[in-house]
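**Student:** Produce the complete structure using the sequences and hints provided.
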Amino acid sequence: MAKKIGSSGIFDMPNTSPPINSREAIERRLTDAAKIKSPVFYGIYAGLTSDKNQIKEVVKTWKELFPKVVGLKMFAGHSVGNLGIVKEEEQKLVYQTLAAEGYDGVLAVHCEKESLLKPDLWNPVNPKSHSFARPPESEIESVKDQINFAQTSKFKGVLHIAHVSVPESIDLIERARRQKKIRISCGLTPHHCLLNYDLIPESKKGLLYKVNPPLRSKESSEKMLIFLKEGKINWIETDHAPHTLKDKLEEPFMSGFPGLPFYPHFLKFLLGNGFSKLQIRNLTHNNICNTFGINLPELSEIPDLGLDNEYEVDVYREKRK
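Residue numbers for the sequence shown follow the numbering used here, beginning at 534 and rising by one.
Some hints here could point you the wrong way.
Heads up, simulated DSSO-like pairs for lysine-lysine below, C-alpha to C-alpha not over 30 angstroms straight-line [as the list claims (entries may be wrong)]:
1. Lys810 / Lys762
2. Lys737 / Lys779
3. Lys589 / Lys677
4. Lys596 / Lys689
5. Lys677 / Lys765
6. Lys762 / Lys661
7. Lys751 / Lys738
8. Lys620 / Lys593
9. Lys677 / Lys651
10. Lys596 / Lys625
Computed beta-carbon distance windows for the label pairs [as the list claims (entries may be wrong)]:
11. Lys568 / Leu811: 31 to 41 angstroms
12. Lys568 / Glu597: 19 to 29 angstroms
13. Glu670 / Asp545: 28 to 38 angstroms
14. Arg561 / Gly635: 18 to 28 angstroms
15. Gln812 / Asp584: 36 to 46 angstroms
16. Lys779 / Lys714: 45 to 55 angstroms
17. Ile827 / Glu557: 17 to 27 angstroms
18. Gly826 / Asp653: 42 to 52 angstroms
19. Lys593 / Ser648: 29 to 39 angstroms
20. Leu654 / Lys737: 13 to 23 angstroms
If you're looking for bench data, these hints aren't it; they were derived computationally from the structure. Just so you know, even glycine gets a beta-carbon here, dropped at the ideal spot from N, CA and C.
**Tutor:** Here it is as structure tokens:
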């Protein structure tokens with residue numbers, strides 16, 4: 534699929550079952566990838582926990598296996614899987630340990646502050662409620678925390694704020710860039726700048742749109758697209774999650790949806806909305822390679838736009854018209 538959409542590489546996330554957060558799990562995953570002979574570069578993020586020895590182990594593994602282990606991933610709050618690091622003191626420990634170990638790679642962070650989530654508001658009968666159960670403040674305050682922890686610990690790597698969903702987070706990231714105390718980057722998904730919670734059907738089909746962080750307001754998504762065009766966002770992320778209809782429509786109503794098939798449509802949309810070819814190369818290739826310190830070809834092939842039926846779940850159907 535990645536090759537068909539024109540991608541020359543994919544970075545796999547560690548919040549699998551079991552999680553990819555040990556040398557053994559990392560090597561097993563890389564062995565599996567080698568067996569299927571991936572036609573594109575396959576890299577993985579090693580997952581972090583709040584255990585100091587585990588952090589040291591994955592840093593050592595990253596140093597030995599980079600770029601196959603492209604970076605580290607921290608979930609600053611629970612999402613899909615069991616890798617959430619909720620307590621602020623434990624998040625601080627992660628940065629302090631990484632700094633002490635001399636880690637200078639990319640640390641990607643899922644930012645949703647657990648204490649600001651409102652799980653009582655979530656009701657699967659009203660799928661839109663997910664957007665209010667995980668409000669913008671949870672992301673904004675978590676982004677503040679991560680910047681603060683990285684700065685005070687003298688973190689030597691790149692703090693990457695994954696799948697930013699609200700403009701206020703970009704404002705915080707821009708301020709951190711101006712301060713020049715840390716290196717910082719951020720990514721944006723197509724769904725956080727094209728979709729919004731007013732598009733979520735009131736029927737059970739609305740459960741297909743459940744994602745973390747959730748869809749935001751129309752005003753917010755439009756502003757995110759503007760920020761993407763202004764160069765305030767480093768690259769585009771699919772946040773691809775190949776859940777089935779059963780995963781989405783039955784308990785526990787999984788968050789996330791397939792993003793790869795829509796990717797070439799999104800690039801076509803950007804070209805039709807004033808983005809230059811150079812901007813798109815930067816957002817899909819150059820900025821990523823420069824930040825991670827890797828060298829990948831730009832495109833594996835001409836993107837295939839006819840991949841709409843590859844997965845059961847499709848939230849982008851109307852956006853292709």
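**Student:** If you test the structure against every hint from before, which numbers come out violated?
**Tutor:** Going through the list in order, the structure violates no hint and respects every one.
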